[in-house]
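Trainee: So you can see what is in the structure, the chains are spelled out below.
Number of protein chains: 2
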Amino acid sequence: MSEISAMEGEKTFKQWKKQCLNKLDLSKKGSVDEDINTVVSSLNKSDNYFTTSSCSGRIILIDGVSDCVDVQKQNCSWLFVTHKKCTKDEVMAALEKSSGDAVLKFEPCVLHVQCKRLEDAQLLHSVAINSGFRNSGVTVGKKGKIIMAVRSTHCLEVPLSHKGKVLISEEYIAFLVGVANNKMDENLKRIERFYGCLRSALEPEEDKRCVKDTESDEKAVYRRRRRRRERDGAGSDCNVEQQSDSEHSDELDGQLGLFS
Amino acid sequence: MSEISAMEGEKTFKQWKKQCLNKLDLSKKGSVDEDINTVVSSLNKSDNYFTTSSCSGRIILIDGVSDCVDVQKQNCSWLFVTHKKCTKDEVMAALEKSSGDAVLKFEPCVLHVQCKRLEDAQLLHSVAINSGFRNSGVTVGKKGKIIMAVRSTHCLEVPLSHKGKVLISEEYIAFLVGVANNKMDENLKRIERFYGCLRSALEPEEDKRCVKDTESDEKAVYRRRRRRRERDGAGSDCNVEQQSDSEHSDELDGQLGLFS
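Protein sequence lines correspond, in order, to chains E and R. Per full-length UniProt numbering, numbering through the first sequence is continuous, rising by one, with the last residue being 260. Per full-length UniProt numbering, numbering through the second sequence is continuous, rising by one, with the last residue being 260.
A few of these clues could be false.
[As the list claims (entries may be wrong)] Residues from chain R that face chain E, not an exhaustive set, calculated with beta carbons under 8 angstroms:
(1) T87
(2) H125
(3) V138
(4) V166
(5) V177
Hints were generated in silico from the structure; no laboratory data involved. Cβ coordinates follow ideal geometry from the N, Cα and C atoms, glycine included.
Work out the full structure: start from the sequences and follow the hints.
Mentor: Written out as structure tokens, the structure is:
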């Protein structure tokens with residue numbers, strides 16, 4: 001890329017960033033979720049990134065239209081939503097309001113980040129994968145917009161009622177709430193790991209080369225962790241081990257060594 | 001990119017493709033799923049793509065270790081798997097074998113495609129998004145490997161037992177099987193749409209420009225569909241409308257018009 005077009009690219013990116021960060025928050029909630037705030041701030045402070053949307057993860061109870069064949073067009077009403085853990089009583093109180101097909105869902109953290117250059121997207125992608133967000137991927141749109149979507153497959157989706165009639169017991173709801181809360185815990189750990197890896201990746205250039213260095217005997221992040229301990233006396237949260245749960249895409253990716 | 005490095009890139013891609021297509025199938029099943037076979041064949045016939053892994057979608061019952069805090073390390077045993085629809089009796093028979101925490105899952109089609117150039121990945125990404133695979137994304141790895149992952153969020157994950165004790169009624173299982181089968185139907189429709197859009201996208205250069213043309217009054221794919229009908233008497237399955245279900249990432253993407 002010529003020096004002139006690199007400069008133009010930088011200018012365009014800065015303009016996009018300024019426009020985006022000045023816009024109103026159009027989400028239902030209207031503000032950045034607390035548990036993702038430090039990640040969002042770190043990214044927006046960097047010259048090479050800005051966030052375009054985020055959600056720290058949520059447990060929701062939605063009421064869909066019963067027997068609706070065309071799933072795309074059904075309107076769902078939201079009976080309950082939390083970005084933290086929930087209780088059985090909260091879910092049961094919300095479920096009483098169901099008149100259609102209520103579904104309890106756990107949805108993990110999702111983050112969309114616009115990146116200045118493809119190499120910035122690649123770096124962020126490595127951070128995401130290493131933190132457990134194994135469904136992350138890049139989009140290169142028209143006009144050169146590069147978006148890295150941080151995604152996980154870690155989810156729950158459980159129908160609870162049909163035409164307003166509750167199909168499961170209170171005991172089951174209690175168990176389900178425990179499962180959903182465990183997923184929320186795991187989700188928050190992944191966000192912490194992501195933040196730790198991100199901080200390491202956004203450190204000054206001399207350390208940044210370490211993130212890409214896979215030839216040395218000692219893994220790059222462990223080296224940084226050691227240096228940080230030596231420097232600060234505190235360890236980083238970054239875990240570079242590949243997560244090996246039973247999720248679908250992981251199984252396929254694992255066989256291919258795609259992200260090694 | 002210089003002419004010489006473009007030629008080298010082409011040669012490297014061809015070598016990767018040859019190696020990959022000659023390898024043994026290391027998946028549990030050992031062969032390409034029937035319902036994704038035409039898509040896989042189309043891609044592998046093209047000079048610009050080859051598939052590295054695929055699954056047409058599946059309904060599975062897995063048995064996890066109860067009370068296992070570290071979800072990454074638990075080994076799950078597979079009690080049941082099908083790439084088609086299932087019956088209540090099949091699920092109940094499999095559930096009887098549970099000794100831990102059984103979970104019924106629907107997992108949609110997943111496809112990983114290595115692309116020759118970034119523009120090939122972008123084209124395939126548009127095809128995927130337009131067909132409903134809204135969690136699709138690109139990875140650019142070391143050595144320049146470009147992988148487009150075709151993914152959907154369309155899923156089901158329902159705990160059914162805890163420590164081998166079944167927590168739900170037979171009536172609920174029957175309802176759940178209906179929900180899972182509906183998702184399988186929708187999944188197969190998305191695969192068909194993907195195939196239709198893919199064929200249009202891989203047509204000769206004069207038609208390929210139509211895929212990227214969003215300025216004209218008539219949507220490009222409708223124009224191709226009309227031409228195909230005029231030519232063949234049969235319509236294409238490609239649906240370019242944005243899917244607007246309640247899935248998490250869709251909500252965020254929709255607000256941003258990321259994929260317009």
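Trainee: With reference to the structure, classify each hint as holding or not holding.
Mentor: Going through the hints against the structure:
1. T87: At about 18 angstroms, which exceeds the 8 angstroms cut-off, the nearest Cβ of chain E leaves the hint on T87 (chain R) violated.
2. H125: Given a least distance of 6 angstroms, the restraint on H125 (chain R) holds.
3. V138: holds, 5 angstroms
4. V166: Given a least distance of 10 angstroms, the restraint on V166 (chain R) is violated.
5. V177: violated, 11 angstroms
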